[in-house]
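What follows is the residue order along each chain.
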Amino acid sequence: MALGLILPTEGEVDVLGEPVFAGGAARGRALRKAGALVEEPAFWMYLSGRRNLDYFAAAAGPPDDRDARRSRVDEVLRTVGLDAAGDKKVKAYSQGMRQRLGIGLALLGAPRVLLLDEPTNGLDPQGMREIRTLLRRLADDGVTVFVSSHLLSEVEAMCDRVGVLARGRLVAEGPPANLRAGASRLRIDVDDRGRAERALRDVSDVTLIADGSTALRVRLSEGADPAEVNAALVRAGVGVRALVPEHDSLEDVFVALVEGEDAPR
Amino acid sequence: MFGVELLKSLHRPRTYVLGACLAAVAVLPAVLQATASGGAGGPPFFDLVRHNGLFAGLAAMALIQPFFLPLGTGLLSGEAVAGEASAGTLRYLLVRPVGRVRLVVTKYLAVMTELGASVLWVTLVGLTAGLIAFGFGPLPTLSGSTLSVGAALMRTVGAMAYILIGVAGLAAIGVFLSTLTDSGIGAAVATVSVAIASQILGGISAVRAIHPYLISDQWLAYADLFRTPVVWDGIARGLLLAAVYTALFLAAALIVFTRKDVTS
Chain A
1 MALGLILPTE GEVDVLGEPV FAGGAARGRA LRKAGALVEE PAFWMYLSGR
51 RNLDYFAAAA GPPDDRDARR SRVDEVLRTV GLDAAGDKKV KAYSQGMRQR
101 LGIGLALLGA PRVLLLDEPT NGLDPQGMRE IRTLLRRLAD DGVTVFVSSH
151 LLSEVEAMCD RVGVLARGRL VAEGPPANLR AGASRLRIDV DDRGRAERAL
201 RDVSDVTLIA DGSTALRVRL SEGADPAEVN AALVRAGVGV RALVPEHDSL
251 EDVFVALVEG EDAPR
Chain S
266 MFGVELLKSL HRPRTYVLGA CLAAVAVLPA VLQATASGGA GGPPFFDLVR
316 HNGLFAGLAA MALIQPFFLP LGTGLLSGEA VAGEASAGTL RYLLVRPVGR
366 VRLVVTKYLA VMTELGASVL WVTLVGLTAG LIAFGFGPLP TLSGSTLSVG
416 AALMRTVGAM AYILIGVAGL AAIGVFLSTL TDSGIGAAVA TVSVAIASQI
466 LGGISAVRAI HPYLISDQWL AYADLFRTPV VWDGIARGLL LAAVYTALFL
516 AAALIVFTRK DVTS
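Line by line, the protein sequences are chains A and S. Each residue of the first sequence is one higher than the one before, counting from 1 in the numbering used here. Each residue of the second sequence is one higher than the one before, counting from 266 in the numbering used here.
It is possible that some hints are incorrect.
Pair ranges (Cβ atoms, derived) [unchecked claim]: (1) A:11 to S:386: 50 to 56 Å; (2) S:290 to A:149: 51 to 57 Å; (3) A:7 to S:508: 50 to 56 Å; (4) S:385 to A:169: 58 to 64 Å; (5) S:278 to A:259: 42 to 48 Å; (6) S:278 to A:70: 37 to 43 Å; (7) S:497 to A:74: 24 to 30 Å; (8) S:521 to A:142: 37 to 43 Å; (9) S:520 to A:259: 43 to 49 Å; (10) A:74 to S:513: 51 to 57 Å; (11) A:136 to S:524: 38 to 44 Å; (12) A:136 to S:290: 22 to 28 Å; (13) S:386 to A:136: 48 to 54 Å.
Subject to a maximum C-alpha distance of 25 Å in a straight line, what follows is the list of computed DSS-like cross-link-like pairs (lysine-lysine) [claimed, not checked]: (14) S:525 to A:33; (15) S:273 to A:88; (16) A:91 to S:525.
So these bits of chain A aren't anywhere near chain S, every CB distance computed over 12 Å [said to hold, decoys possible]: (17) 25; (18) 34; (19) 35; (20) 51; (21) 71; (22) 160; (23) 166; (24) 194; (25) 208; (26) 224.
Keep in mind the hints are simulated off the structure, nothing from the lab. We put the beta carbon where it would ideally sit given N, CA and C, even for glycine.
Produce the entire structure from the sequences given, and follow the hints as far as they go.
Structure, rendered in structure tokens:
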């Protein structure tokens, strides 16, 4: 919707201060400042990567200088590491190459903001890393890179700021480290899980976590001391092999936030 | 954007395959008349080719007009927007950004240009074949008088233009249908169906009342250019029909497309 592809029933979207739905030339101005990869990349398969970019550049007109356009295309192909494969037909590209060409297409107009939907979708780990490095480099060059993704480990590895949407509302926003902060967790390896769970139920400041995993995990309220957990277990005669403090992953934060939103009120 | 559209089709092998097929059809009148032992009958201008190669261009156009030309119109116009949608490139064109109005209008103009090139190509190939097989001479008109070679060629150009304008309305219908769906083939088939249905209805005298409003009603009126003096009634009516259909359906296409959510 921010790109004017889907029309809103009401309201307005601004991209870098330009309204997208105000009509007139504003949408064009807004979109010229932005580059986008919406779901999977798409190209004219029967044309080479270079030609695809060239035609996309020319299609948006105004009919500018042909040489300037060509050199911009070359530059973009170099940026996404496709200068060697630029003259092959897109038909012959691997998924990762198409993805990179898609980002190249988004970069054509030297945008100040990049909107990317699942940029690492369907890529192997190698391809993911390439994309991540590329986006990092762009961000370091001053481009705002906006990524929507459900691959939370990816997001965690890549993003400076994270926002969580639940039911269409922004429920949390900030650097991933801030979102993760707060209550901490313990993983406890014991010899008798049943007895341990019974013992811990009575300890204040401790909540058992039922996340479907095999290990026993508890959440500690702020200020609670892991030593008290240990003491309680020992008093109950449970053999404790290890107490491992764990940080919440972004996934945990996300699930907690979204569940909170979904809970009946 | 317009130039890009044409360049894109120049990079597709199908453009050349179609060109070759059209050329094969275009030489038919001259080749058949040169090799067959004769006998009257066949499409308009067909028999006249053996008397004068100038008729070969017209005969070639007459061959493609009822079926191949509407077919090509349907294919090109039906694919105009829907083809980009199903390839996924439509949304990338729109965010580049190419304005929605500009996209539809450019697509339509590109389709008409490609059709114009096809008509020109068929006529030129037909004329060349006719020239080789029978040579050119002063052209006897349907009214009995004769036209000089130069005048006859001028009228042939007029006939080409008229035939092209005749499918302008159909191309607008195709582009309109193309904005409704993501299936280029679907829009193309629907467009061709409109042309076929119109021509069938045009042949049924029980529905004579609607004949004047059918899109194909005056498609054959270009033959009137080869009377002396030229009979303008049918041609004027055909041009009006084409203008009305084109305006209606291009407007409809713009209304639909500027209000459409582009999700594919």
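- Task: Return the numbers of the hints above that this structure violates; sort them in rising order.
- Result: 3, 5, 6, 7, 10, 12, 16, 17, 18, 19, 20
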